Amino acid sequence: MKKLFLCLLLALPALGLLIGALNNSLGPDPADVLVDESGEWALRLLCLTLSVSPLAALCRRVAWLNTVRPLHYRRIIGVSTWVYAVLHFLSYSTFLLGWRWAELGEELVERPYITVGFAALLLLTPLAITSTDGMVRRLKRRWKTLHRLVYPIALLVIAHIVWQIRSDAGEAIIYSVILLALLAWRLRRH
Amino acid sequence: MLIKNPGDIASSEITPESVYLDRRRFMRGTGTLALGSLLAACGESGTAHATAPAAPDIKGKPLEFNPVAANADNPFYTAEAKTPYGDVTQYNNFYEFGTGKDDPARYAKNLTTSPWQVEVDGEVDKPGRYNLEDILAKNPLEERIYRLRCVEAWSMVIPWVGFPLGKMLQQFEPRSSARYVKFETLVRPKEMRGQRSFSSTIDWPYEEGLRMDEAMHPLAFMATGLYGHEIPKQNGAPLRLVVPWKYGFKSIKSIVRISFTEKQPRTSWEQIAPHEYGFYANVNPEVDHPRWSQASERRLPSSLFAPNRIDTQMFNGYGDQVASLYSGMDLARHY
Chain A
1 MKKLFLCLLL ALPALGLLIG ALNNSLGPDP ADVLVDESGE WALRLLCLTL SVSPLAALCR
61 RVAWLNTVRP LHYRRIIGVS TWVYAVLHFL SYSTFLLGWR WAELGEELVE RPYITVGFAA
121 LLLLTPLAIT STDGMVRRLK RRWKTLHRLV YPIALLVIAH IVWQIRSDAG EAIIYSVILL
181 ALLAWRLRRH
Chain B
1 MLIKNPGDIA SSEITPESVY LDRRRFMRGT GTLALGSLLA ACGESGTAHA TAPAAPDIKG
61 KPLEFNPVAA NADNPFYTAE AKTPYGDVTQ YNNFYEFGTG KDDPARYAKN LTTSPWQVEV
121 DGEVDKPGRY NLEDILAKNP LEERIYRLRC VEAWSMVIPW VGFPLGKMLQ QFEPRSSARY
181 VKFETLVRPK EMRGQRSFSS TIDWPYEEGL RMDEAMHPLA FMATGLYGHE IPKQNGAPLR
241 LVVPWKYGFK SIKSIVRISF TEKQPRTSWE QIAPHEYGFY ANVNPEVDHP RWSQASERRL
301 PSSLFAPNRI DTQMFNGYGD QVASLYSGMD LARHY
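Protein chains in written order, with our numbering: chain A, 1 to 190; chain B, 1 to 335.
Honestly, the hints are just simulated from the structure, not real lab data.
Not everything, but these chain A residues come out facing chain B in the computed CB check (under 7 Å):
1) Pro28
2) Asp29
3) Pro30
4) Phe95
5) Arg111
6) Ser167
7) Asp168
8) Ala169
9) Gly170
All of these numbers come straight from a predicted model, not from anything done at the bench.
For each residue, glycine too, the CB sits at the ideal point set by N, CA and C.
Pulled out of the complex, with its shape left as it was, chain A reads as follows:
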């Protein structure tokens, strides 16, 4: 029940964008809004996914939080990160590029921030595919090794946003600091 509620909650931004798109209420440049918003939600959810382990550690340590089990929800948050990353890529290639393959290929090769963003999406995909119980069982110890891919993914995502800074680095700095702090916490534990 709680998990279903979480799924619905995570679907809300996408629903909001869908309604906005159908309503034609996303402003004079709706393609840009869709690409920006889906990307930013993927970024927020990546931060949230990486926060689950530290939160779980915190809950174990603090008596009155002992009953909270953040790890139960990690899979849903992780998969939704991938879903928003896919929406980000699809809205970019559909609404901004109109699926002109030549131009898409050119952008992927010539624009480094797009190259690293696309690499992050490619690396996220096997993690989403192997998120089922069956896959976890089948892969055994290798599952954990495979899912450590999320660390290079986070670094690629940082490169993706930092490479797009124009005159104001505010948001890029905030998200990068959060991601780097979450990675640092893991390094300290290993």
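Dock chain B against chain A, hints included.
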């Protein structure tokens, strides 16, 4: 001949303000709490539209001006569909008020635009602090309908009201040593929240410049109005430059200083990223921005399922008028 013109836009062309109010609400919603936006969108059939004013409203005082002659070979005119007033005034880059497209419309209200003075200095015989009224008294208003192409690959068509830049500059009597003209935007962090941003890399004031022959070109324009009315603060009130054959960032807003110089001035974007933004910044589909293509543009308003994507024209379509200014120059090097 001066005739009173209340604005020539048909009411059917203007997007109702209620639609924009909905949009602002929506954009804020997705950024912070998606639930709110969802409810707002769902509630639309009920009350959302009923509370917002239904009439399209153009803000600001109507201006008296000489309307542009609507014929195809007039370079001051284009028959292309005008971008609706709501889009022109609610989708802006004016980083003094924030880097979001809707920040200027939201935050520029606090700007004091009267009284306004323009400081004129450098290689000029009549330097000094000029009151805006005195400048306006010498420069009767006229209309221009220009394409505006942003370096970010979107574009608009805007009916401006103002006067030719060259005519105003001549009133200051520049010396023959003046080879460039530099413009500065107001610095007033108290009223311009973007200037208080901790993370901005712009070294305020925002600065732009033109070569003297570019500035004297009849297409170069000082705007004090749009759609027949006083220019809104988010569009650069009370006085802004419009250089239609160059990327939009050259068209500096809310000007407080004009300096005539011998040497090419350093512009703000050149200083932030010299490999991405040059001094000339002429619209050029063949020279890409390092991070995106300039071959085409999205003419606003655009929609998802019929994206209004058009080919970008050399000099934004003003090549017949301005190409001679650059003859013999390598435009890939002087981007």
